[in-house]
Amino acid sequence: KMSSGAADLRQRKKQNCTESDKMAPEERNKENSKLGRSPKYVLIQRFAKLFFGCLAAVTSGMMYAVYLSTYHERKFWFSSRQELEREITFQGDSAIYYSFYKELLKAPSFERGVYDLTHNNKTISLKTINAVQQMTLYPELIASVLYQASGSEEVIEPVYFYIGIVFGLQGIYVTALFITSWVMSGTWLAGMLTVAWFIINRTDTTRIDYSIPSRENWALPYFACQVAALTGYLKKNLNCSAEKFCYLLVNASTYTFMMMWEYSHYLLFVQAVSLFLLDSFALAQTEKVHEVYKIYLFSLVLGYLLQFENSALLVSPLLSLVAALMLSKCLQMNMKKSTFVSRLLKIMYIYLVLTVAVTLNFLLKMFIPHKENEHFLKFIEVKLGLNTTKNFTMNWLLCQESLQAPSQDFFLRLTQSSLLPFYILVLIICLFSVTQVIFRRICGEPLKETVKLEDGRIGERPEIVYHVIHTILLGCLAMCLEGMKYLWTPYVCMLAAFGVCSPELWMTLFKWLRLKAVHPILLALILSMAVPTIIGFSLWKEFFPRIMTELTELQEFYDPDTVELMTWIKRQAPVAAVFAGSPQLMGVIKLCTGWMVSSLPLYNDDDLLKRNENIYQIYSKRSAEDIYKILTSYKASFLVIEDSICNEVGPVRGCRVKDLLDIANGHVVCEEGDSYAYSKYGRFCHEIKMNYSPYVNYFTRVYWNRSYFVYRINTVISFQS
Numbered sequence: 034k035m036s037s038g039a040a041d042l043r044q045r046k047k048q049n050c051t052e053s054d055k056m057a058p059e060e061r062n063k064e065n066s067k068l069g070r071s072p073k074y075v076l077i078q079r080f081a082k083l084f085f086g087c088l089a090a091v092t093s094g095m096m097y098a099v100y101l102s103t104y105h106e107r108k109f110w111f112s113s114r115q116e117l118e119r120e121i122t123f124q125g126d127s128a129i130y131y132s133f134y135k136e137l138l139k140a141p142s143f144e145r146g147v148y149d150l151t152h153n154n155k156t157i158s159l160k161t162i163n164a165v166q167q168m169t170l171y172p173e174l175i176a177s178v179l180y181q182a183s184g185s186e187e188v189i190e191p192v193y194f195y196i197g198i199v200f201g202l203q204g205i206y207v208t209a210l211f212i213t214s215w216v217m218s219g220t221w222l223a224g225m226l227t228v229a230w231f232i233i234n235r236t237d238t239t240r241i242d243y244s245i246p247s248r249e250n251w252a253l254p255y256f257a258c259q260v261a262a263l264t265g266y267l268k269k270n271l272n273c274s275a276e277k278f279c280y281l282l283v284n285a286s287t288y289t290f291m292m293m294w295e296y297s298h299y300l301l302f303v304q305a306v307s308l309f310l311l312d313s314f315a316l317a318q319t320e321k322v323h324e325v326y327k328i329y330l331f332s333l334v335l336g337y338l339l340q341f342e343n344s345a346l347l348v349s350p351l352l353s354l355v356a357a358l359m360l361s362k363c364l365q366m367n368m369k370k371s372t373f374v375s376r377l378l379k380i381m382y383i384y385l386v387l388t389v390a391v392t393l394n395f396l397l398k399m400f401i402p403h404k405e406n407e408h409f410l411k412f413i414e415v416k417l418g419l420n421t422t423k424n425f426t427m428n429w430l431l432c433q434e435s436l437q438a439p440s441q442d443f444f445l446r447l448t449q450s451s452l453l454p455f456y457i458l459v460l461i462i463c464l465f466s467v468t469q470v471i472f473r474r475i476c477g478e479p480l481k482e483t484v485k486l487e488d489g490r491i492g493e494r495p496e497i498v499y500h501v502i503h504t505i506l507l508g509c510l511a512m513c514l515e516g517m518k519y520l521w522t523p524y525v526c527m528l529a530a531f532g533v534c535s536p537e538l539w540m541t542l543f544k545w546l547r548l549k550a551v552h553p554i555l556l557a558l559i560l561s562m563a564v565p566t567i568i569g570f571s572l573w574k575e576f577f578p579r580i581m582t583e584l585t586e587l588q589e590f591y592d593p594d595t596v597e598l599m600t601w602i603k604r605q606a607p608v609a610a611v612f613a614g615s616p617q618l619m620g621v622i623k624l625c626t627g628w629m630v631s632s633l634p635l636y637n638d639d640d641l642l643k644r645n646e647n648i649y650q651i652y653s654k655r656s657a658e659d660i661y662k663i664l665t666s667y668k669a670s671f672l673v674i675e676d677s678i679c680n681e682v683g684p685v686r687g688c689r690v691k692d693l694l695d696i697a698n699g700h701v702v703c704e705e706g707d708s709y710a711y712s713k714y715g716r717f718c719h720e721i722k723m724n725y726s727p728y729v730n731y732f733t734r735v736y737w738n739r740s741y742f743v744y745r746i747n748t749v750i751s752f753q754s
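Taking the numbering used here, the leading residue of the sequence shown gets 34, the next gets one more, and so forth.
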């Protein structure tokens, strides 16, 4: 019965767009005549609603971008800093991204700059890399083209132009969330509440404060635009022009998102699973869902070709799932509807798709040469407790805060802003409604062509069901890895705001409660306005003063030791020098000085991961000779010791760099439940500061301050005591 209902749904979708467009005005005119409204009055009312809603959405995005810019200026005093001091604010991988942007601007031509990046041998010693492919530098390519083509050289400094684009994209991000909530609820009041929750919970919705150039800050705004367009595309009774516009926007934003972030296909895989479940229960028009699958397929193929034949896209789970879905659809279409095999395929549809997808992914990985991160799969095994390891890189990743389970403070912050309680309420109501709809479909009851307010069936709206499934899947990931909260929390803001502003959700609740004392429709309309208004006023009273305080307080960010180190390198170090040290510091050295380094804070290349582990041995209990051999194998000429790592006092024992190195090197002895580090050599970073043999034979101190010790690696070894 459920399969026949799905067939009916597909048949209804196949109605001509022009016919539905012609019928819609006639139906609306009949409704308006009943209410005593003229068509002209209704047209003006709708135009005004659309105009002011769009104005509010754009204004919200612009104000958020200005807010970020103002906060950044107050935090770093950018306008009063020298160029070197500004660049030091970019830490870790952010420094690398911005350094390549600088190189593109310094190149004699754009073509030459791109060639140098794709054949880069001036960044990492003894290694030539395609930086555009390996680091997904398409944002920097676009930013450099815009900067030069717009003639901004005489108007604005490169760093302001760069961060200005990122802040502008964050404004688009907020605008897209606003529109998504507006489309779902029918009122732009929901969009305003979404933006308010997003900004108040900024600590958990975005990493823009800590890492401006990170790939996710460039990519997630496009994903938000894709979700907004997909929300509109999934709606029932959408007119032909709006459907085509949403389809084109989904197409463009999906491809752009995939080009901006190397891990984008994993997030699209989660979205594809949501659509697959939506289609499996016949809650959406199958043709629309499969059109989105085609968009995924097109984006993967185009991304593979334009990303220098990136094999990671061919072995991605997204491609395997989409191919399995397409194959399953072909099998169903080619089978006669009355045959036993056809009915069996429909019953076992989910099992069939999952089996084909897993098998196909296994075969692709077997026959296609790829560089997909093996350490990523090992990390999953260790994270789930399926395996244990002493590997330094693996344990270092497990110790990162973003890869830990979320802390209680995270849930406390969401609760204090009232976001989490309302999200749970909305999610429970939507889930129960969706469950009811699925039960009706199993019993053979068809979906209504048009869901009215008095029906109280919010679970029959496909765009709502999609968002419920999507946030649940993202929420499951966020419960495992705290870093995933930046993907989940923005859509928690959007779904919660939609729910409290939607009369349909309140009506669904009142249908279950069977209210008789008060007219349920009237009460639903009142609550959909009153509840968000009360929430808005309470948020304004409690959090607006805090936000204004953030913008008025001048924060001090100054790192004189790092400034002195970079200044010394630029003035004293030979041009051909190669520096070795922690990957995070090497990224800053590369950006601020341009000198070659022996490692970088990149975690998608096995060779670089091995390099990082080897060079981190300067903080282990190894001999001077061992460290010398490691450093000279990478042609390093200078070594930088960081006092903050050597004397690190971490909050969690066993997660300090030196602890992880001792475990990996077997320098840990366990006695009566306690562990002790033991080696016949002292810790290298401590011993080298003592200036005695054999350390002075291999290394000569040439510079030091409170935080850094720089040693020249001797090419001629002297063994005089």
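Please keep in mind that the hints were generated in silico from the structure rather than gathered at the bench. There could be a bad hint or two in this list.
Unchecked claim - Below, computed lysine-lysine pairings styled on DSSO-like, alpha-carbon distance capped at 30 angstroms:
hint: 1; residue 1: K544; residue 2: K603
hint: 2; residue 1: K411; residue 2: K362
hint: 3; residue 1: K139; residue 2: K603
hint: 4; residue 1: K574; residue 2: K423
hint: 5; residue 1: K423; residue 2: K668
hint: 6; residue 1: K416; residue 2: K643
hint: 7; residue 1: K268; residue 2: K82
hint: 8; residue 1: K327; residue 2: K268
hint: 9; residue 1: K268; residue 2: K411
hint: 10; residue 1: K603; residue 2: K108
hint: 11; residue 1: K398; residue 2: K423
hint: 12; residue 1: K160; residue 2: K643
hint: 13; residue 1: K668; residue 2: K160
hint: 14; residue 1: K362; residue 2: K277
hint: 15; residue 1: K73; residue 2: K108
hint: 16; residue 1: K722; residue 2: K108
hint: 17; residue 1: K160; residue 2: K327
hint: 18; residue 1: K155; residue 2: K135
hint: 19; residue 1: K668; residue 2: K73
hint: 20; residue 1: K398; residue 2: K362
hint: 21; residue 1: K160; residue 2: K662
hint: 22; residue 1: K662; residue 2: K603
hint: 23; residue 1: K135; residue 2: K668
hint: 24; residue 1: K139; residue 2: K485
hint: 25; residue 1: K643; residue 2: K398
hint: 26; residue 1: K603; residue 2: K277
hint: 27; residue 1: K155; residue 2: K662
hint: 28; residue 1: K398; residue 2: K416
hint: 29; residue 1: K662; residue 2: K643
hint: 30; residue 1: K643; residue 2: K603
hint: 31; residue 1: K411; residue 2: K423
hint: 32; residue 1: K277; residue 2: K82
hint: 33; residue 1: K139; residue 2: K108
hint: 34; residue 1: K160; residue 2: K411
hint: 35; residue 1: K82; residue 2: K643
hint: 36; residue 1: K135; residue 2: K160
hint: 37; residue 1: K411; residue 2: K398
Treat the numbers as computed from the prediction; the structure is a model and nothing was measured.
Status of the hints after comparison with the structure:
1. Taking the CA atoms of K544 and K603, the gap is near 72 angstroms; set against the 30 angstroms cutoff, the hint is violated.
2. With a C-alpha separation of about 34 angstroms, the suggested pair K411 and K362 falls outside the 30 angstroms cut-off, and the hint is violated.
3. A C-alpha spacing of about 18 angstroms is found between K139 and K603, which places the hinted pair at or below 30 angstroms, so the restraint holds.
4. Between K574 and K423, the direct Cα distance comes to roughly 51 angstroms. Violation of the 30 angstroms bound is thereby established for this hinted pair.
5. A C-alpha spacing of about 28 angstroms is found between K423 and K668, which places the hinted pair at or below 30 angstroms, so the restraint holds.
6. Proposed proximity of K416 and K643 is supported: the alpha carbons are some 21 angstroms apart, at most 30 angstroms.
7. With a CA separation close to 19 angstroms, the supplied pair K268 and K82 stays within the 30 angstroms bound.
8. Taking the CA atoms of K327 and K268, the gap is near 19 angstroms; set against the 30 angstroms cutoff, the hint holds.
9. Restraint check for K268 and K411: not satisfied, since their Cα atoms lie roughly 41 angstroms apart, outside the 30 angstroms limit.
10. Between K603 and K108 the alpha-carbon distance is near 27 angstroms, which keeps this suggested pair within the 30 angstroms criterion.
11. This hinted pair checks out: K398 and K423 have alpha carbons roughly 27 angstroms apart, not beyond 30 angstroms.
12. Taking the CA atoms of K160 and K643, the gap is near 13 angstroms; set against the 30 angstroms cutoff, the hint holds.
13. A hinted pair counts as satisfied when its Cα atoms are at most 30 angstroms apart, and K668 with K160 qualifies at roughly 11 angstroms.
14. For the given pair, K362 sits about 23 angstroms from K277 by alpha-carbon distance, which is consistent with the 30 angstroms threshold.
15. At roughly 52 angstroms between alpha-carbon atoms, K73 and K108 are farther apart than 30 angstroms, so this suggested pair is violated.
16. With a CA separation close to 35 angstroms, the supplied pair K722 and K108 exceeds the 30 angstroms bound.
17. Distance restraint check for K160 and K327: the Cα-Cα separation of roughly 39 angstroms exceeds the 30 angstroms cut-off, and the hinted pair is therefore not satisfied.
18. Between K155 and K135 the CA atoms are separated by roughly 14 angstroms; this keeps the pair inside 30 angstroms, and the hint holds.
19. For a cut-off of 30 angstroms, the pair hint linking K668 to K73 is broken: about 78 angstroms separates their Cα positions.
20. This hinted pair checks out: K398 and K362 have alpha carbons roughly 24 angstroms apart, not beyond 30 angstroms.
21. About 18 angstroms separates the Cα atoms of K160 and K662, which keeps this hinted pair within 30 angstroms; it holds.
22. Under the criterion of a C-alpha separation no larger than 30 angstroms, the hint pairing K662 with K603 is consistent with the structure, at around 26 angstroms.
23. Under the criterion of a C-alpha separation no larger than 30 angstroms, the hint pairing K135 with K668 is consistent with the structure, at around 25 angstroms.
24. The straight-line distance between the Cα atoms of K139 and K485 is roughly 60 angstroms, outside the 30 angstroms bound, and the hint therefore fails.
25. At roughly 23 angstroms between alpha-carbon atoms, K643 and K398 fall within 30 angstroms of each other, so this suggested pair holds.
26. Proximity of K603 to K277 is assessed by CA-CA distance (about 56 angstroms); at most 30 angstroms being required, the pair is judged violated.
27. Note on K155 and K662: the hinted pairing holds, with a Cα-Cα distance of about 22 angstroms set against a maximum of 30 angstroms.
28. For the hint linking K398 to K416, the alpha-carbon distance of about 23 angstroms falls within 30 angstroms, and the restraint holds.
29. Restraint check for K662 and K643: satisfied, since their Cα atoms lie roughly 15 angstroms apart, inside the 30 angstroms limit.
30. Between K643 and K603 the alpha-carbon distance is near 28 angstroms, which keeps this suggested pair within the 30 angstroms criterion.
31. A C-alpha spacing of about 12 angstroms is found between K411 and K423, which places the hinted pair at or below 30 angstroms, so the restraint holds.
32. With a C-alpha separation of about 22 angstroms, the suggested pair K277 and K82 falls inside the 30 angstroms cut-off, and the hint holds.
33. This hinted pair checks out: K139 and K108 have alpha carbons roughly 28 angstroms apart, not beyond 30 angstroms.
34. With a C-alpha separation of about 26 angstroms, the suggested pairing of K160 with K411 holds against the 30 angstroms cut-off.
35. Only pairs whose Cα atoms come within 30 angstroms are accepted, and K82 paired with K643 is rejected, the gap being roughly 58 angstroms.
36. Simply put, K135 and K160 have alpha-carbon atoms about 21 angstroms apart, close enough for the 30 angstroms limit, and the pair holds.
37. Under the criterion of a C-alpha separation no larger than 30 angstroms, the hint pairing K411 with K398 is consistent with the structure, at around 16 angstroms.
In the structure shown, a violation is registered for the earlier hints numbered 1, 2, 4, 9, 15, 16, 17, 19, 24, 26, 35, in ascending order.
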